[in-house]
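Position chain B against the provided structure of chain A, taking the given hints into account.
2 protein chains.
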Amino acid sequence: MRAALMYAAGDVRVGHVADPILKEPTDALVRITTACVCGSDLHPYRSMAGSDAPVRMGHEFIGVVEATGSHVRTVKKGDLAVAPFAYSDGTCEHCRAGLQTSCVHGGFWARNGIDGGQGEAARVPLADGTLVQLPVTADDALIPSLLTLSDMLGTGHHAAVRGGVRQGSTVTVVGDGAVGLLAVLAAKRLGAEQIVLTGRHTARTDLGRAFGATDVVAERGAEGIEKVRELIGGGSPIVLEAVGHRPAYEQAYGVVRPSGTISRVGAPQYEEAPIGFGSLFGHDVTLTGGPAPARAYIDELLPDIVEGRIAPGRVFDRTVDLDEVPDGYRARDTREALKVLVRPGTGKL
Amino acid sequence: MRAALMYAAGDVRVGHVADPILKEPTDALVRITTACVCGSDLHPYRSMAGSDAPVRMGHEFIGVVEATGSHVRTVKKGDLAVAPFAYSDGTCEHCRAGLQTSCVHGGFWARNGIDGGQGEAARVPLADGTLVQLPVTADDALIPSLLTLSDMLGTGHHAAVRGGVRQGSTVTVVGDGAVGLLAVLAAKRLGAEQIVLTGRHTARTDLGRAFGATDVVAERGAEGIEKVRELIGGGSPIVLEAVGHRPAYEQAYGVVRPSGTISRVGAPQYEEAPIGFGSLFGHDVTLTGGPAPARAYIDELLPDIVEGRIAPGRVFDRTVDLDEVPDGYRARDTREALKVLVRPGTGKL
Chain A
10 MRAALMYAAG DVRVGHVADP ILKEPTDALV RITTACVCGS DLHPYRSMAG SDAPVRMGHE
70 FIGVVEATGS HVRTVKKGDL AVAPFAYSDG TCEHCRAGLQ TSCVHGGFWA RNGIDGGQGE
130 AARVPLADGT LVQLPVTADD ALIPSLLTLS DMLGTGHHAA VRGGVRQGST VTVVGDGAVG
190 LLAVLAAKRL GAEQIVLTGR HTARTDLGRA FGATDVVAER GAEGIEKVRE LIGGGSPIVL
250 EAVGHRPAYE QAYGVVRPSG TISRVGAPQY EEAPIGFGSL FGHDVTLTGG PAPARAYIDE
310 LLPDIVEGRI APGRVFDRTV DLDEVPDGYR ARDTREALKV LVRPGTGKL
Chain B
10 MRAALMYAAG DVRVGHVADP ILKEPTDALV RITTACVCGS DLHPYRSMAG SDAPVRMGHE
70 FIGVVEATGS HVRTVKKGDL AVAPFAYSDG TCEHCRAGLQ TSCVHGGFWA RNGIDGGQGE
130 AARVPLADGT LVQLPVTADD ALIPSLLTLS DMLGTGHHAA VRGGVRQGST VTVVGDGAVG
190 LLAVLAAKRL GAEQIVLTGR HTARTDLGRA FGATDVVAER GAEGIEKVRE LIGGGSPIVL
250 EAVGHRPAYE QAYGVVRPSG TISRVGAPQY EEAPIGFGSL FGHDVTLTGG PAPARAYIDE
310 LLPDIVEGRI APGRVFDRTV DLDEVPDGYR ARDTREALKV LVRPGTGKL
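Chains as they are written, first to last, in the numbering used here: chain A, 10 to 358; chain B, 10 to 358.
Pulled out of the complex, with its shape left as it was, chain A reads as follows (with noise of 0.2 Å):
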């Protein structure tokens, strides 16, 4: 089958793989029918270095199932599915707690063997703790939105969850790429009555602002940190992190409040960063925050969608099919496209 391969930084092909076939009784095939970039593709798209093994891509997608293994008990050939970005059993303690980013024996696509979502098809280990049945079909209108339950939509819950926004919270988004927009989205679900979204992109804060921000920041460091504060005086009590990149962290500790929260959910491009009395200590901050468990808010989520209380697809402003995905690519990092749609088309297994 074909599937979208880096080489390198800024190198994406689209090449032949081997076609995936059942492997355990655990597993399912599908036939992927919608992918997309990921903001955190990008991350190896602007550092990866060149090496003879390109590596493949994409951890978000929604296909039909084609064939399962003899254990799999919860969709059946021709169900079409959701899958999250991470697989997961589903029946270890982690998944039981609602974590299935951590299962023990869960993992990431497109790692290790595992195939990606930007292709035709992909194995699903796993399969009744991974996928979820999806009540449409593959060309409903709601798929866009429908995809963001994979990860982004999911992620921003999370950061929302997990930064304890509620009824009347007052909440900072740093970032206003595809999972800071959903952020907003979520904190404004969970009841959030202010939401200052910080970015630069006009176009992406017109969308954050119909998703429920109240106030832009578009200043960056110092400044921005100060406008916030105005914004919020004595800082803001949650601070959902959407970026993944060190100033964003840096911002994030410049606008919470004593005692407040920083919720993550940007994959962290640095490992070790100020947490010591000058930033998070000092003031009783707390940081939290991880990869989402997206698989354990899709249930919850999934309604909204169908039932048309929130739009989560409108981040989505371009459509490609297999062979446009490395000028997918170019247009995210160009910042052309704030999220780009794949559309694998009519791939066969």
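Rather than coming from a laboratory, the hints here were simulated on the basis of the structure. There's no promise every hint is true.
Residues from chain B that face chain A, not an exhaustive set, calculated with beta carbons under 7 Å [as the list claims (entries may be wrong)]: (1) Glu-102; (2) His-103; (3) Leu-108; (4) Ser-111; (5) Tyr-279; (6) Pro-283; (7) Gly-285; (8) Gly-287; (9) His-292; (10) Asp-293; (11) Thr-295; (12) Thr-297; (13) Gly-299.
Every value quoted in this text rests on a predicted model; they were computed, and no experiment measured them. Backbone N, C-alpha and C fix where the C-beta goes; we use that ideal spot for every residue, glycine too.
Leaving out everything else, chain B in the frame of chain A:
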């Protein structure tokens, strides 16, 4: 009057300083009857560069109110009162939220011209927000336990509160200093069922067992992490870090369970440390804690001491008078003493 002064690492002397006087109508003058040498005093004792200007020391004390400014309402001449390690107005938004350590008008003892606790007397700013009257006399047998309200007990309690300890919790306490031991006591008091204490000093860990530790791990580094993870399958849901050095923080994220919480109360002797995918983020670990609002906790903890349900004063294993304070530092530094009580004696204002 006389007070302890630190000149450089390893060099503490008792010398003459200016007598405190009432400067503001919100001040009180307190003749100090009991103070102590804190674990955090050891940080400068091991690192302070020599300088012409020695610094005052001590931030925990009980004393007799000798005079009050015209605005002071809650204490009067002759009262015995305890001072938390931060002074605070009790009325600003952070004080009202229970975070007196972030008081907009408050501060810390022995800095910026404010008296320290290791001396004969102190000017207490914002006396109404700071001092709490004690229902005993200055020579009562409960005084060592009541002095822990100043810092150590409140700090151990803060670790447990921020860590979310409740009935049935499983907790690991990193550090067998006085705060670590009182974090054990606080966790037990809040209902923790399994309390693993890490520490190498048998006299201390024995006291930790008396305070409620169910297991003791003496090993350090990777071996210590493995031991804790053997005792608590899957890692510790709550870790209370009561040291402040980076290896203690590293041990904390080594033993914490996915989705667990690390609550720090040891003043960090580092600013940057790992918080990325490999430490906190990957398994959605929450980092919380900071300087304890000891003032906020006195109302809750005082009755337990007065009514004999807890005896945190057991951490004191040496008593010195003011002249012996330098020897008290030495004994703490060499670990001869766990915690040193200071009785300034019949100091005069």
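*asked:* Less than 7 Å between beta-carbons is the criterion; does Tyr-279 (chain B) satisfy it with respect to chain A?
replied: holds (6 Å)
*Should the interface hint for Gly-287 (chain B) be scored as holding, given a Cβ-Cβ cut-off of 7 Å against chain A?*
holds (6 Å)
*Per the CB criterion, is His-292 (chain B) less than 7 Å away from chain A?*
holds (5 Å)
*asked:* Thr-297 (chain B) was flagged as interface toward chain A. Is the shortest Cβ-Cβ separation under 7 Å?
replied: holds (4 Å)
*With chain A as the partner, please determine if Gly-299 (chain B) meets the hint condition of a C-beta pair closer than 7 Å.*
With a minimum Cβ separation of about 3 Å from chain A (threshold 7 Å), the hint on Gly-299 (chain B) holds.
*Does the nearest C-beta of chain A fall within a distance shorter than 7 Å of the C-beta of Glu-102 (chain B)?*
Holds, because the Cβ-Cβ distance from Glu-102 (chain B) to chain A comes to roughly 6 Å (cut-off 7 Å).
*Please verify that hint: Leu-108 (chain B), Cβ, nearest Cβ of chain A, below 7 Å or not.*
This hint holds: Leu-108 (chain B) lies near chain A, its Cβ roughly 5 Å from the closest one there, short of 7 Å.
*Status of the hint placing Asp-293 (chain B) at chain A (closest C-beta pair under 7 Å)*: OK, holds: Asp-293 (chain B) within 7 Å of chain A, min 3 Å.
*Grab the minimum C-beta distance from Ser-111 (chain B) to chain A and call the hint holds if it beats 7 Å, violated otherwise.*
holds (4 Å)
*Close enough to count: is the Cβ of His-103 (chain B) nearer than 7 Å to one in chain A?*
Cβ of His-103 (chain B) sits 5 Å from chain A, so the hint holds.
*Interface restraint verdict for Pro-283 (chain B) against chain A (beta-carbon cut-off 7 Å)*: holds (5 Å)
*Under 7 Å, Cβ to Cβ, is where Thr-295 (chain B) needs to be relative to chain A, so tell me if that hint holds or is violated.*
At about 4 Å, which falls below the 7 Å cut-off, the nearest Cβ of chain A leaves the hint on Thr-295 (chain B) intact, so it holds.
Checked against the numbered hints above, the structure violates none of them.
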